[in-house]
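Chemist: Residue-level listing of the chains:
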Amino acid sequence: MPEVRVEGAAKAYGAVRALQDVSLTVNAGEYLCIVGPSGCGKTTLIKTIAGIVKPDAGEVYIEEEAATALPIEERGVGYVFQEIALFPHMNSYDNVSYGLMVKGATPRERESPVEEMLYMMGLEGYATLYPRELSGGARQKTAISRTLVSGSTLLLLDEPLGALDLKVRTSLRYELRKLVKDLNLTAIHVTHDQEEALSISDRIVVMKAGRIVEVGPPQEMYLNPRELFTAKFLGEANFFTGTVKTCTDHVEVAVNGSTLMAEDREETPLRGGERCVLAIRPEFVELVNDSVGGNTWECTVTSASFVGDHFRYELRASNGEVILSKAAVRGDAAGFAAGDKVFAALPEERLLTFRYPEEGLEKALNLE
Amino acid sequence: MPYISVRNLTKRFGPLKAVDDISFEVRDGEYLCVLGSTGSGKTTLLRLISGIIQPTEGGIFFGGMDVSGVPAEERDAVYVPQTYALFPHLTVLENVAYGPLSKEVPRSEAGESALRVLRMVRLDARADAYPNELSGGMQQRVALARGLASGSNTLLLDEPLGALDIRLRVELRTELRRLAKESGLTVIHVTHDQEEAMTIGDRILVLRHGKLQQHSTPFHVYNRPGNIFVANFVGNSNFLEGIVENREVIGSVIRLRENLRVKVADVSFEPEEPVVVAVREEKLSISPRARGGKENRFSGEVEAIHFLGEWTRYTVRLTNGDQVAARVPTGSPVKAVAVGDWVSVSFSPVHTHVYESPTIGLQRELEVY
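Chains as they are written, first to last, in the working numbering: chain A, 1 to 368; chain B, 1001 to 1369.
These are computed hints drawn from the structure, not numbers from a lab. Just so you know, even glycine gets a beta-carbon here, dropped at the ideal spot from N, CA and C. Treat the hints with caution; some may be incorrect.
Stated by the list, open to error - Distance condition first, Cα-Cα at most 30 Å in a straight line; then the derived DSBU-like pairs of lysine-lysine: (1) B/K1283 with A/K326; (2) A/K178 with A/K103; (3) B/K1335 with A/K181; (4) B/K1335 with A/K326; (5) A/K178 with B/K1283.
Unchecked claim - Here's a subset of chain A near chain B, in silico, CB distances under 10 Å, partners left out: (6) G136; (7) Y174; (8) H192; (9) L198; (10) S199; (11) I200; (12) Q219; (13) G235; (14) R312; (15) A328; (16) E368.
Work the whole structure out from these sequences, hints included.
Modeler: Below, the structure written as structure tokens:
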């Protein structure tokens, strides 16, 4: 049974169309992440589901019941946002307990659910501490506990980890997913952090300019996206414009006087003679010393940097194309340096084919 | 020759030492990244160098000259704060050209260089817009462009890419470094983003609680982290607690819980000393068959597999109860490993780093920034 259904939601703020005909189904027990550049409408969408924003058109259903007209407190949702809103004069226990108190529970009735919640969140040792005595991570866990203790099974998370430092954010994201799965909740989580979305969600929604671009499981969205913008936004990618020369089970594409072979993808079938775009993730571009095999371009390294677990190279191919390559650091091998001549191998099975976008490539990839 | 020299710099705010006895030098034309988390003192350090605030103790030298008494506007350095203050009644182009024009640079020249930096921050198409017509990220780029166009040889940048979406941030950081190098600028760039610091800094200065933790090239900071904090803050490390069992000529043996033994290259600790062994997640190999016994090869159960895009991360519980994580490039995945499987995990002694066991305990040391 779908936990949440959004049908044809639209919302405008003056001339800005924050949501345009957005429809989305979220399944019970699912962990769904919504990503997209600033201003794409992701926050408006989650606020529409929460009941904080009233859509101009369209409907929201929660557990198959029309919820569009219901205020937030009658939707049975737990809503957690980036700015941690704990009462500074209450300790962790009282902050969590507050979530039940507003529902009219007596102190005795509150005791065991609050203790259970603190235990579940690994906060049992922090019950008597005040917000200022807690780390950022513990504060946000307390805020999540307060939301969950009232028994909501639908958790709406609006950049819940956004204010935390990287290390805390990374460890807390796994805890968050585990919690949602252990308690059998449904979670909708808006984030600007694509690694967060890739690592914890069952499905990812990519949005752009008020619309949903694509929805799918993380690996599929990263490795085999249907849409150009998904390839652009989730992870990094190189894009080359070309013309399809022949198209059988393989596609032969002319790019700037060179020929590349790619696999024809079911998602984006191409026809001979049409313009197309090829994309490849930088970590799949292999740098080799000679041009054995096809799909290799002679290149000069224009910039090289060591990024710890990988080297990052910018290359200029002899055909004029610019290529970004990320090479995992293997053993203690030194990397290439700016000025080095190398060959960039673009493995056929890693090249993603797309039809040339009607609006033009630059506009299709534009982040703003 | 060092261009900027900071000597025993301390800044107190009441009882708090925001900057605590820091000394370092920045070479002429160097790109230095100051890396630290919230509250590490990195912004205070930058503001001290800019002259906006005055140190409690210590000195700052520009080209060998003590600038202690020199007000901010007379120091040859432009400070670009994290919160940008653009002139609301001037266009983007006018905002960027304002500094050069006030220094009586000819109008055509100022306009041209303003357009050039606007191209770099990808706002040339918005040159005629007013600040209130731009998003926060765009306004931050205008502020950055204004700093770049100022004509100063030294830029002090506080999280210059902080308000931008990740994709744009990644694209602009390489261009920022390129522009600085082409123009021969000396840059101090404050960031909390370790990958940003690694990618664009000639050297990195790591701060924690106002104290300097390490000041070195990205390569050294990553491959020879000076302490547990740096090993944890930069990159992704596993930490294993143990006791030195014996020290040999080319390495030592560390005894972990339940008598699991790890061979390390380090020889700086005495037998029976409690230590922490650090090893990067990407230096761990995983193979599907559980085999133990060989040098630094342990068996364990896969507890979680997380897809991160470029990397896939495997969390494994070793037989002694310790948990480790291994990162494998998504392009070369471990065949047929699922959650619940028993696998073997291995790493080379040369990829380990050994640190004194922290007095406050390992967990606490890793949690506190």
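Chemist: Next, verify each hint and record whether it holds.
Modeler: Going down the list of hints, with the structure as the test:
| no. | hint | in the structure |
| --- | --- | --- |
| 1 | B/K1283 with A/K326 | holds (17 Å) |
| 2 | A/K178 with A/K103 | holds (27 Å) |
| 3 | B/K1335 with A/K181 | holds (26 Å) |
| 4 | B/K1335 with A/K326 | holds (22 Å) |
| 5 | A/K178 with B/K1283 | holds (26 Å) |
| 6 | G136 | holds (8 Å) |
| 7 | Y174 | holds (7 Å) |
| 8 | H192 | holds (6 Å) |
| 9 | L198 | holds (5 Å) |
| 10 | S199 | holds (5 Å) |
| 11 | I200 | holds (8 Å) |
| 12 | Q219 | holds (5 Å) |
| 13 | G235 | holds (5 Å) |
| 14 | R312 | holds (6 Å) |
| 15 | A328 | holds (5 Å) |
| 16 | E368 | holds (7 Å) |
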